[in-house]
Amino acid sequence: MVKPERLIIALIFALLAAGITLFAVRAQTTEPTSGISNSNCMACHSDIATEWQSGSHGQSLSDPIFAETWQTQGQPGACLVCHATGYDPATGERQAEGVVCTACHSPIPANHPKENMPIDKTPDLCGRCHSDPRFITENWMLSAHYKRDMTCSVCHDPHGAGMKSVTDAAAASPDASDLCANCHKDAMQNFPTSKHAEAGVTCVNCHLGFNVGKADVTDFVASHKAPDHSFIPTLDTCNKCHASQMHAPGAAMAAAAIAVEESGGTPTPSPTPVATPIPLVSNQPVPVSPFGFAGLAGLLGLVGGMVLSPWLEKLYRNFNGKEERSK
Amino acid sequence: MSQPKLNRRDFLKVVTVGAAAVGGAQAIRRAAASEPIPSGGRQWAMVIDQSLCNGCGYCILACRAHNDVPPEITWNPVLEAGQVAGKETYLPRPCMQCSHAPCVDVCPVKASTYRPDGIVMMDYDRCIGCRYCEVACPYGARSFNWKAFIEPNPVVPEWGQPEVERRPRGVVEKCTSCYQRIDRGLSLGMTPGVDPDASPACVVACPVNARLFGDLSDPNSNVSKLLQARPSYTLRADLGTGPRVYYLPAVEEYV
Chain A
1 MVKPERLIIA LIFALLAAGI TLFAVRAQTT EPTSGISNSN CMACHSDIAT
51 EWQSGSHGQS LSDPIFAETW QTQGQPGACL VCHATGYDPA TGERQAEGVV
101 CTACHSPIPA NHPKENMPID KTPDLCGRCH SDPRFITENW MLSAHYKRDM
151 TCSVCHDPHG AGMKSVTDAA AASPDASDLC ANCHKDAMQN FPTSKHAEAG
201 VTCVNCHLGF NVGKADVTDF VASHKAPDHS FIPTLDTCNK CHASQMHAPG
251 AAMAAAAIAV EESGGTPTPS PTPVATPIPL VSNQPVPVSP FGFAGLAGLL
301 GLVGGMVLSP WLEKLYRNFN GKEERSK
Chain B
1001 MSQPKLNRRD FLKVVTVGAA AVGGAQAIRR AAASEPIPSG GRQWAMVIDQ
1051 SLCNGCGYCI LACRAHNDVP PEITWNPVLE AGQVAGKETY LPRPCMQCSH
1101 APCVDVCPVK ASTYRPDGIV MMDYDRCIGC RYCEVACPYG ARSFNWKAFI
1151 EPNPVVPEWG QPEVERRPRG VVEKCTSCYQ RIDRGLSLGM TPGVDPDASP
1201 ACVVACPVNA RLFGDLSDPN SNVSKLLQAR PSYTLRADLG TGPRVYYLPA
1251 VEEYV
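Protein chains in written order, with this note's numbering: chain A, 1 to 327; chain B, 1001 to 1255.
Excised from the complex, chain B in its bound form:
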């Protein structure tokens, strides 16, 4: 036959090159898939005005009610942050919804993922309770369910109605920026950050409007405008986590 016979060496060459090509393509694809922020689309951000916050803790209660969080867990504590001009200031600390979240990086089972809109989500079915993410989070935003929450929630119904399922024992949970409210609001044609029904419960509950929520990709949104108008900072910017929660410091002129 005139057909050239493939000897063993050539065969191995072809196989090696083919495998390398497939592997390389896979690597590129994986790199593209793990790109945290996809271009375009909404990017939710929260702005907390520390000169307005008086530490009343309504956000904690509303959060517990709307997300059915057990009393021993706080997704969104309000920390004391020292005095400015003789006035006590506070630092509410929700999940920062980092653009490069250490918790997502360390999760061995990919239970923590990025949503296209930037919210770091937990898959409670995948979570194996290893608590790596709890350790990795520099903000201490994650909590572990040591026991099943079966008691009545003491803050329901006074502070709101539960909107999500309770988490089982043995998984880590954290603030979700009330994704359920955002998603339902969007499906009904509302604007998160503007319509209370589409905004996170803590934002709605704040009696002094110290919290703002909105789309960072829209230069005309309330958060974008506020961030342009006033100096802001993020927590532990040096770590390069890219937090999506911005703080307006309690400067003397605003307190």
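Okay, chain A solo, but in the shape it has when bound:
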């Protein structure tokens, strides 16, 4: 049977240890705050965060080309509707810099880890920003992909804002053509033996108009110009390479094309390299709550108190004994 006073001593030790630990741990961990903050999401979704940060959604406001153009144009608020999150034209205030998590995943459910963050996977969500006539939508509606109810995220990685990858990085082609070949297997039975393939032409060169020449990205309009997402090559597409061999639509165009060719020709711009995100999986355990640490410390304190209490009692008795004796 444990003496009650020993138990009390042990409990005092336990409480003391638990309290100190709780205080120490609380001081280290920042309390999650409500409201829009990407750091909240990144605490758990670190793998997505790295992808996002290096992608164009993460860079939408800090991108040097955007920043410079925005400054020279007198910081128009209209840009921030898409380049920032939660921009209010009335007050000119924005909730967050760049296209952050809540720009697409909103509203945050109160019981989030249990309930998923909401996401609208239809092109409507992407279309809130990527809907300008310069920017895909009209052409996209013409495509067979759209008619088959395919969504943007079938090919695009929404977090990294690059292309998805279906093959090993080593075997991947330098552009997104791997992604085409993944589904269009029938077309790929003949294509590798074609003259186009021999010349190094890939799917996106014709079907996304990459050989048409994506203009300099520093140009304001061109930087918003996405490749033709109808995926339908036109006669124009052919003429970009074969103008001298074919009847171009209209002499002016042919002349222009020939002039370009004679002046040395425009080199086929290399398509923007797909940033293959390095998948990161943290094998670190889930962070223990401060109460977990405090509980452990409390337990240790309890044990320590139980062990120490006989000694304390002995000390106390010795001390009292001495006092009595001295009296």
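Among the hints, erroneous ones may be present.
Unchecked claim - Residues from chain B shown here face chain A by an in silico Cβ test under 8 Å; the list is partial:
id	residue
1	Asn1054
2	Gly1082
3	Lys1087
4	Glu1088
5	Val1106
6	Phe1149
7	Glu1158
8	Leu1188
9	Asp1197
10	Pro1207
11	Val1208
12	Asn1209
Said to hold, decoys possible - In silico lysine-lysine, DSS-like type, Cα no more than 25 Å apart, as pairs:
id	chain 1	residue 1	chain 2	residue 2
13	A	Lys147	A	Lys225
14	A	Lys195	B	Lys1087
15	A	Lys147	B	Lys1087
Claimed, not checked - So the derived label-pair ranges between C-beta atoms look like this:
id	chain 1	residue 1	chain 2	residue 2	range
16	A	Leu11	B	Asp1125	33 to 43 Å
17	B	Leu1226	A	Asp63	16 to 26 Å
18	B	Asp1125	A	Leu296	17 to 27 Å
19	B	Pro1219	A	Val288	47 to 57 Å
These are computed hints drawn from the structure, not numbers from a lab. The C-beta atom is built at its ideal place from N, Cα and C for all residues, glycine as well.
We have chain A already, so just place chain B on it with the hints.
Positioned in the frame of chain A, the structure of chain B alone reads:
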């Protein structure tokens, strides 16, 4: 005393009859307990439309990410299934979630069990790694963990976030129809097969909607309606395993 004395013969009779009665009751109870499909309740089924599937393999990648499957294991391969009308067809092969699963029958430690909703579940803590089930499965749906998976999963986070724990070395694993997504979805009031968050990852990932998931016990569910409207088949129906994955064949008119 007037009390009749129980002689040895009578005593033995009583004991024998009693033991037989208890044993019989036990046998009946056990037979009732091993009845694979309890009456009522939801019965999950998957319908795969082979005329839509183009073999892109997004389902494989989504499955690996959401279930944290190591790269050397595939729960849900997409097999080539010959040509129909000059077009290549494919046969995705998840776990069939059989009504009379050979893997459950052969498991010596009852690590494979039926859930009331028909999903054949693995208890990785019970599994002793004897691999009988792997041999018994006529569909080759089971894989053995030869080594512990400690590397980062190469398909995370691009294709999804892991939702279940990694399996230890030395146990058999297989497709679970993403029971974790179904259960969480149901607890949040969602309908598996309709709400993407409550449906298996492969169903959600399919870019051409070749996979459907739903409740077979509900005649108005998407799967029931589709199975009524179009001819379907199951794999190795002759074995009597009662698969819950139905295939809509790639017939010429739909390809």
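Starting from the hint 16 to 26 Å, judge whether the C-beta atoms of Leu1226 of chain B and Asp63 of chain A obey it.
About 47 Å separates the Cβ atoms of Leu1226 of chain B and Asp63 of chain A, which means 16 to 26 Å is violated.
Holds or violated: are the alpha carbons of Lys195 of chain A and Lys1087 of chain B at most 25 Å from each other?
holds, 24 Å
Supplied contact hint for Glu1158 of chain B, tested at 8 Å Cβ to chain A
Glu1158 of chain B check passes; min Cβ-Cβ to chain A is 6 Å, inside 8 Å.
Using the Cβ atoms, figure out if Leu11 of chain A sits within 33 to 43 Å of Asp1125 of chain B.
Roughly 37 Å apart at Cβ, these two residues keep to the hinted range, so it holds.
Less than 8 Å between beta-carbons is the criterion; does Asn1209 of chain B satisfy it with respect to chain A?
holds, 7 Å
Hint Glu1088 of chain B vs chain A: min CB-CB distance below 8 Å?
Where the cut-off is 8 Å and the nearest Cβ of chain A is about 6 Å from Glu1088 of chain B, the hint holds.
Should the hint that Lys1087 of chain B touches chain A count as held when the rule is a Cβ pair under 8 Å?
holds, 6 Å
Can we keep the Gly1082 of chain B interface hint, with Cβ of chain A closer than 8 Å?
Cβ of Gly1082 of chain B sits 13 Å from chain A, so the hint is violated.
Do Asp1125 of chain B and Leu296 of chain A keep their Cβ atoms within the hinted range of 17 to 27 Å?
holds, 26 Å
Can we keep the Pro1207 of chain B interface hint, with Cβ of chain A closer than 8 Å?
Since chain A brings a Cβ to about 4 Å from Pro1207 of chain B, closer than 8 Å, the hint holds.
Given Asn1054 of chain B as an interface hint, is the shortest Cβ-Cβ distance to chain A below 8 Å?
holds, 5 Å
In this structure, is the beta-carbon distance linking Pro1219 of chain B and Val288 of chain A contained in 47 to 57 Å?
holds, 49 Å
The earlier numbered hints that this structure contradicts are 2, 5, 6 and 17.
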